[in-house]
Amino acid sequence: MPKSESHLPSWKPALLYMTERVASLAAGFVLLTAGAAHLGNPYYFITRVLAYDLVGARVALGLALLLPSLEMVLGVCLICRVAPLSAQIVTTVLLATFIAAQGIALARGLKIDCGCFGPAAPQQISATTILRTSALAATALAAAACEHVRTRRGVYQGE
Amino acid sequence: MLAMTAGALTLIFVELIDAVGAADRRRSADPARAAIRMQAGPYCGIYSLAGAASALGREISLADLISTRFVSSELGSSGWDLAVAAHAHSLAAEYATGLTDWDLLECKSPLILRISTAERRDVFNHWVAYLGVEDGKARVLNYPDPVMLYPFGELLSRWDGSAVIVALGAGNAAEVVRHSRMRGLVAILGVFAAVSLFAKYACHLARGSRLASGAVAIGLAATALAFCHDLARPGSLLRNARVAKVVAVADGAAALPTLTARELRDALDGDKEELPVLVDARLPRDYQRGHIPGAINIPAWATASSRQEAISAIPRSAHVVVYCQGPECSYDEDVAAQFVGAGFERVSLLPGGWPEWRTVAAPPRAEDGG
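Residue numbers (our numbering), protein chains in the order written: chain A, 1 to 159; chain S, 1001 to 1370.
No wet-lab data here; the hints were simulated from the structure. A hint or two may mislead.
[What the hints assert, rightly or not] Derived CB-CB ranges, DEER-like: (1) S/S1330 / A/V22: 44 to 50 Å; (2) A/A96 / S/L1075: 37 to 43 Å; (3) S/P1234 / A/R152: 28 to 34 Å; (4) S/L1185 / A/W11: 38 to 44 Å; (5) S/S1072 / A/L110: 52 to 58 Å; (6) S/L1105 / A/Y17: 41 to 47 Å; (7) S/R1262 / A/S126: 40 to 46 Å; (8) S/D1135 / A/S126: 42 to 48 Å; (9) S/A1088 / A/Y17: 56 to 62 Å.
[What the hints assert, rightly or not] Below are the SDA-like pairs computed for lysine to any residue, each with C-alpha atoms no more than 20 Å apart in a straight line: (10) A/K111 / A/D53; (11) S/K1137 / S/I1311; (12) S/K1137 / S/G1343; (13) A/K111 / S/K1137; (14) S/K1137 / S/Q1308; (15) A/K111 / S/V1123; (16) A/K12 / A/V149; (17) S/K1137 / S/D1064; (18) A/K111 / S/N1125; (19) A/K111 / S/T1117; (20) S/K1108 / S/G1132; (21) A/K111 / S/C1329; (22) A/K111 / A/R132; (23) A/K111 / S/Q1308; (24) S/K1108 / S/L1189; (25) S/K1108 / S/L1168; (26) S/K1137 / S/V1123; (27) S/K1137 / S/P1151; (28) S/K1137 / S/R1233; (29) A/K111 / S/E1328; (30) S/K1108 / S/A1174.
[As the list claims (entries may be wrong)] Here are some chain A residues pointing at chain S (derived, C-beta under 7 Å): (31) P42; (32) L70; (33) V82; (34) L85; (35) D113; (36) T129.
All residues carry an ideal CB built from backbone N, CA and C; glycine is no exception.
From just these sequences and the hints, can you work out the full model?
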């Protein structure tokens, strides 16, 4: 759709685009870092999934197989603007799941490594790790909101 | 919307902080577990270095390595300490982090790996020497055991990706690190190219909702990447699925079958050819004070060699029942995990342990003294 059909003031599309890019790049690089760390040693990732005490061995194996790849794919999509709105929404949902899992572990008094960035950077689950994940989720959500507004207002230039 | 989300999250955090504070107060240190941590000792690093040097044909006396230069804290050596110790004994060494199972399998030199102990999987405070592959398993020198074969998956699940690469020439050690970094870079670039092409192509092909087609494309790309990556890697998860179960049992996450003391007594009174093998996972002194008749003692913190020796004497088809000092004791899960890892199909737990057996099922034998 041509840009001239936009009903937004001229400076708003640029602001929306910049906000979406900054938020997507930030979330994308974090997901890429986490995904690469998990792909490097999926066996350790299994132990971290199991430590949450939410799933059994078979599900943990499946998650250890799929989650790191999903993080990598989402990271690439966010950085390269491939299916951007879908990637931003899936990222938000994924991070919301991580927040819920960490919250449950914290409420149950589990003192475990959150498993966020692999074995090289273990960090015990705490309000800080939940806050960090929440900030990332909010970033992905903000990117999705900007992308949605741009798309709806007709300033979307295609993928 | 964001403000509402932030407000809700703040409330949740306050509740969670209160909850974790209360949980902390309830928890107390377990002296037995602390004893296990100390068993690893501060000298595992230099012991591993001596073993790695020996594998390269250089003998280094442990006495020469016991120095504050090479063991810089009461917890033991750091990776840099071990590299310095290797240099001081005319060996080349590189301390590297972020290594993967590819590096382990392709490296021709011994590596000293930083791993976690059985007690805490997220605390990496123990060094072992990795000396190559034999019969598809890792040859590992794990202080104070001799060189033993470990399943790769089990070793990898305890490794943090850090290693001191020990070699005869400086170029060999540096080359391993260079190859590892190059492989990582190529993999990242490959993922970028493949995902971009795949997802774009899938989006163009899809009709209907762009949002849904994008999500499906992302899911397909992630699944394809997961399977391709796993099947290409030497330490494939799909080919080592048993590891997940071993880890799950050790962490208490997988539900092994359980027996009550009465059920165990019935089993012991039943078919004599189907008698379960009873394994007592407690301290030897507790075992000597009293145990279930016929039980053998395999403590959770027994050395790997003695544990493997005991396990190898039991037929794989046997029904193994592991017990400990009651429901609060988790050592039976650690020992049961060893049996699962060794290929035993019928492993059960007696959650009530020795106290339940004494009070509910049967009085202890007089000669047991319990």
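How the hints compare with the structure:
Checking the proposed 44 to 50 Å range against S/S1330 and A/V22 shows it holds: the Cβ atoms sit about 47 Å from each other. About 38 Å separates the C-beta atoms of A/A96 and S/L1075, a value consistent with the hinted range of 37 to 43 Å. Restraint check, S/P1234 to A/R152: a C-beta distance of roughly 49 Å breaks the suggested window 28 to 34 Å. Hint check: S/L1185 to A/W11, Cβ distance near 39 Å, so the stated range 38 to 44 Å holds.
Our hint of 52 to 58 Å for S/S1072 and A/L110 is violated, since their Cβ atoms are close to 32 Å apart. A C-beta distance of roughly 46 Å is found between S/L1105 and A/Y17, which places it inside the suggested range of 41 to 47 Å. Separated by about 44 Å at the C-beta atoms, S/R1262 and A/S126 satisfy the suggested range of 40 to 46 Å. As the Cβ distance of S/D1135 to A/S126 is approximately 43 Å, the hint placing it in 42 to 48 Å holds.
Between S/A1088 and A/Y17 the beta carbons are some 58 Å apart, a value that agrees with the proposed interval 56 to 62 Å. A hinted pair counts as satisfied when its Cα atoms are at most 20 Å apart, and A/K111 with A/D53 qualifies at roughly 12 Å. Among the hinted pairs, S/K1137 with S/I1311 is consistent with the structure: their alpha-carbon atoms are about 18 Å apart, no more than 20 Å. Pair hint S/K1137 plus S/G1343 holds up; C-alpha atoms about 15 Å apart against a cutoff of 20 Å.
Straight-line distance between C-alpha atoms of A/K111 and S/K1137 comes to about 32 Å, which puts the hinted pair past the 20 Å bound. Between S/K1137 and S/Q1308 the alpha-carbon distance is near 15 Å, which keeps this suggested pair within the 20 Å criterion. Taken as a hint, the A/K111 and S/V1123 pair is honoured in the structure, with Cα atoms around 12 Å apart against an allowance of 20 Å. Between the alpha carbons of A/K12 and A/V149 the distance comes to roughly 10 Å, so the proposed pair stays at or under 20 Å and holds.
Only pairs whose Cα atoms come within 20 Å are accepted, and S/K1137 paired with S/D1064 is rejected, the gap being roughly 31 Å. At most 20 Å may separate the alpha-carbon atoms for a hinted pair to count; A/K111 and S/N1125 meet this at roughly 17 Å. At roughly 16 Å between alpha-carbon atoms, A/K111 and S/T1117 fall within 20 Å of each other, so this suggested pair holds. About 7 Å separates the Cα atoms of S/K1108 and S/G1132, which keeps this hinted pair within 20 Å; it holds.
Proximity of A/K111 to S/C1329 is assessed by CA-CA distance (about 18 Å); at most 20 Å being required, the pair is judged to hold. Our distance criterion of 20 Å between C-alpha atoms is met by A/K111 and A/R132, whose separation comes to about 17 Å. Pair hint A/K111 plus S/Q1308 does not hold up; C-alpha atoms about 30 Å apart against a cutoff of 20 Å. Between S/K1108 and S/L1189 the CA atoms are separated by roughly 27 Å; this puts the pair beyond 20 Å, and the hint is violated.
A hinted pair counts as satisfied when its Cα atoms are at most 20 Å apart, and S/K1108 with S/L1168 qualifies at roughly 11 Å. Simply put, S/K1137 and S/V1123 have alpha-carbon atoms about 24 Å apart, too far for the 20 Å limit, and the pair is violated. Between the alpha carbons of S/K1137 and S/P1151 the distance comes to roughly 5 Å, so the proposed pair stays at or under 20 Å and holds. Taken as a hint, the S/K1137 and S/R1233 pair is honoured in the structure, with Cα atoms around 15 Å apart against an allowance of 20 Å.
Distance restraint check for A/K111 and S/E1328: the Cα-Cα separation of roughly 17 Å lies within the 20 Å cut-off, and the hinted pair is therefore satisfied. Restraint check: the Cα-Cα separation between S/K1108 and S/A1174 comes to about 12 Å, which is no more than 20 Å; the hinted pair holds. Interface restraint check for A/P42: the shortest CB-CB distance to chain S comes to about 5 Å, inside 7 Å, so the restraint holds. Satisfaction of the interface hint for A/L70 is found here, the shortest Cβ-Cβ separation to chain S being roughly 4 Å, below the 7 Å cut-off.
Of the supplied interface hints, the one on A/V82 holds, with its beta-carbon coming within about 4 Å of a beta-carbon of chain S, less than 7 Å. Residue-level restraint check for A/L85 holds (minimum Cβ-Cβ distance to chain S is 6 Å; threshold 7 Å). Interface restraint check for A/D113: the shortest CB-CB distance to chain S comes to about 3 Å, inside 7 Å, so the restraint holds. Interface hint status for A/T129: violated, as the beta-carbon distance to the closest one in chain S is roughly 11 Å, over 7 Å.
Violated hints, in rising order: 3, 5, 13, 17, 23, 24, 26 and 36; the structure is consistent with all others.
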